[in-house]
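What follows is the residue order along each chain.
Number of protein chains: 2
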Amino acid sequence: MPFELTKELIEQIIALIRQQDDKAILALLEDEHHADIAEVLEDLDLEQSTYIIKLLDSDKTSDILIELDEDIREKILQNLSAKEIAEELDELDTDDAADMIAELPEERQEHVISEIENEEHKADIKELLAYDEDSAGGLMAKELVKVNENWTVLKCVREMRAQAENVTRVHSIYVVDDHNVLKGRLSLKDLLVTPTKSPISEVYIPKVDSVNVHEDAEEVAKIMQKYDLEAIPVVDDKERLLGRITIDDIVDVIKEEAEKDYQLAAGITQEVEADDSIFELSKARLPWLILGLIGGLGSVLIMEGFEGALSKYKELFFYTPLIAAMAGNVGVQSSAIIVQGLANDNVKGSLLNRLVKEVGLSLISGVVLGILVILAGFLMSMEIRFSVTVAISMMCVIIVAALVGTFVPIILDKRGIDPAIATGPFITTSNDIFGIFLFFYIAKAMLGF
Amino acid sequence: MPFELTKELIEQIIALIRQQDDKAILALLEDEHHADIAEVLEDLDLEQSTYIIKLLDSDKTSDILIELDEDIREKILQNLSAKEIAEELDELDTDDAADMIAELPEERQEHVISEIENEEHKADIKELLAYDEDSAGGLMAKELVKVNENWTVLKCVREMRAQAENVTRVHSIYVVDDHNVLKGRLSLKDLLVTPTKSPISEVYIPKVDSVNVHEDAEEVAKIMQKYDLEAIPVVDDKERLLGRITIDDIVDVIKEEAEKDYQLAAGITQEVEADDSIFELSKARLPWLILGLIGGLGSVLIMEGFEGALSKYKELFFYTPLIAAMAGNVGVQSSAIIVQGLANDNVKGSLLNRLVKEVGLSLISGVVLGILVILAGFLMSMEIRFSVTVAISMMCVIIVAALVGTFVPIILDKRGIDPAIATGPFITTSNDIFGIFLFFYIAKAMLGF
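Just so you know, the sequences run in chain order A and B.
In the numbering used here, each residue carries its 1-based index in the first sequence increased by 12.
In the numbering used here, each residue carries its 1-based index in the second sequence increased by 12.
Please keep in mind that the hints were generated in silico from the structure rather than gathered at the bench.
Each pair may be met inside one copy or between any two copies, as identical chains are not told apart.
Derived pair list, reagent style EDC-like, types lysine to aspartate or glutamate, alpha-carbon separation capped at 16 Å:
| hint | residue 1 | residue 2 |
| --- | --- | --- |
| 1 | Lys-238 | Glu-79 |
| 2 | Lys-95 | Glu-122 |
| 3 | Lys-369 | Glu-285 |
| 4 | Lys-234 | Glu-51 |
| 5 | Lys-238 | Asp-75 |
| 6 | Lys-326 | Glu-316 |
| 7 | Lys-234 | Asp-146 |
| 8 | Lys-238 | Glu-54 |
| 9 | Lys-238 | Glu-51 |
| 10 | Lys-219 | Asp-43 |
| 11 | Lys-219 | Glu-44 |
| 12 | Lys-369 | Asp-287 |
| 13 | Lys-87 | Glu-59 |
| 14 | Lys-369 | Glu-292 |
| 15 | Lys-369 | Asp-288 |
| 16 | Lys-219 | Glu-42 |
| 17 | Lys-87 | Asp-55 |
| 18 | Lys-234 | Glu-79 |
| 19 | Lys-234 | Asp-264 |
| 20 | Lys-238 | Asp-48 |
| 21 | Lys-219 | Asp-240 |
| 22 | Lys-267 | Glu-230 |
| 23 | Lys-138 | Glu-122 |
| 24 | Lys-234 | Glu-268 |
| 25 | Lys-238 | Asp-81 |
| 26 | Lys-234 | Asp-357 |
| 27 | Lys-238 | Glu-44 |
Produce the entire structure from the sequences given, and follow the hints as far as they go.
Following this line, the structure appears as structure tokens:
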């Protein structure tokens, strides 16, 4: 029966905490998965969730803590002593332990690390903390199963059993030489079907993908996806085996990347969630709104410049939100397609090809939308000369907007800047200003005011 | 040495194809990964890539075909006979084979299936084709390793070796009873560390997550992410084991879902790529632009209704693009946060709480932006009464836009409609119209025209 988070369950747990009925709480939560208990904790208040964390075994609570939302974890850790945190860390894989320490205030980190009992674990965690969190080193865990190329299958199985105890999932067994240089890999399946006396050097697969410890996390994600890998070994510049990255960490990288791009396109910086505080949400949203405001004030100035047209062609001014909307929408569409294309490496062909294509595309849209504007003008009894002017200048605006939307991300990408920041408000705002200026400029030339 | 796709390599291959030097082509591509060869093929023309596919072994080409971009695969398959396609299918796992058949024109599907030689493989593929592609059944493969609970570990290892030959990666060994009902699982690790005479029933883990074959694909992705699973068994309504889903398929589901949401937010329907044809791109983009156009024409009508203000307060009309931009940006921000929150199940608390929060949030933004408008008005020597009017009506517009952006997705979600369609042009356009109307309405009340 799958776990279901019900109001009744939460109320029952709160009541048990109030009665300090530890036995009943343990009985209730004992068989639940740590990810489910994390969900329960997110519905309790800080005092109650700390109570549960202190009550349960640290082999379970360490996993629960990792599953929790960062804000809640941070608060609970504030309620734990350095020694208690170190006990949790002892139960975690090195990569999760390093991530958890990295979230602590700096002055606490040293103290917590010094409390970790297992010296090897401590050294591994310290090593991981030194890597950039967006690099392969920041993603990898030190836990892995490795064997020496000079061993036999039998010795390998024996050694492996010991090592495997510390490794949650054995994807591949890595084969190294005496200097810890990665030579190849063995699968568990291979080990099961090979005579036990064969030397490893005869049975291992010498072709093994690996990434350098300083490789960018997104690049690692691309490699693992491309080659359908579930784990990849991480090596240093001398090809020595340092750790391994598993697919579940990559799933997180992919999700975070997608969410970041989505937020940037919507005009939100920083990773915010619906449940963050008003202050944090404002901090993420306001800068983009101010950018939009500046753009809007720019439009005001442009229209003041064309004020002379008011007496004869006041309707031109009524069309400005339409022009701005078209310029914005077309720009966002073009930039979104390019940003995704760049992320998936499928923006091919020369810049000239892309230019011709975007112009063709916006000509089609422009003609269709222009005809609709002329038809609507007819229904609203506009002068035909006026409607045609609006339609033609709108078409020019659409072409320019499409080009801006396409080439700004491409140029940013070439300069090593994340093209996703060019989507959303940035493109919309600059296209608003460009568009309104172009609209009046062309209308002036055609109508002669 | 990692593979690198260079111009020289492509030119070399094209030259070899022209010379029909099959030996040299085979020598060149033999050791490359199928994902790399797929990249090479995407840079060749149809005739050249078909030539390579016909030249290489079907155990390699089947994997290459699966890696190819759908458009290119479709064209190459058109150049192959039903028998040739069936040979490719014979080499593929059932899930990939079913996906490939599903892409063929319907009249060809039957013919190709009838050419598949392996009867069991044929039946499995037919079964998979019957499931909805967005369900667990549409994602699963029939290939898995299963053992009977009544066997010993020794018999299990022996049977497993035979079964494992057809399974690319053995994640878990599933344990079933005599009626094929899923009872539990064993890991390869367990098998390696258990005495061979133990009966399976004593060593297997009875707790195993599974999903129903009709479960929604996105739901499966959530479960596998939540519990950090690398594979999950799929069962029918009677808990009988039908197949299994692996994490690499889930990575694809997550990526596609993220890309779809991103495109919807940018006003693009259907999954299009930068390299699709102008016609396909137009089809995906035009409907949203027409929606925007209709909204823009609505604004024209609203402004005509307030035309009386032109003589005294012509500047009001200069501010309309600014108002529209603010309404649009705020709306998109709010809806993006809610859409992501709904996707991650972290929109908690009552609707009233959310209402209070959004109003608070937009009040802060509104006040900051309002002060900036008044300052800008001062610099542009606007009348202070006018600037304050613009600032206050803009604040009201921002509040309404935030509420629309928040509650439209929530309402859609409650009605079972994908809330992502409410982001982007839909919110922008409706907020443009609402915003401009509200702006003039409030300005009229305050300035009295």
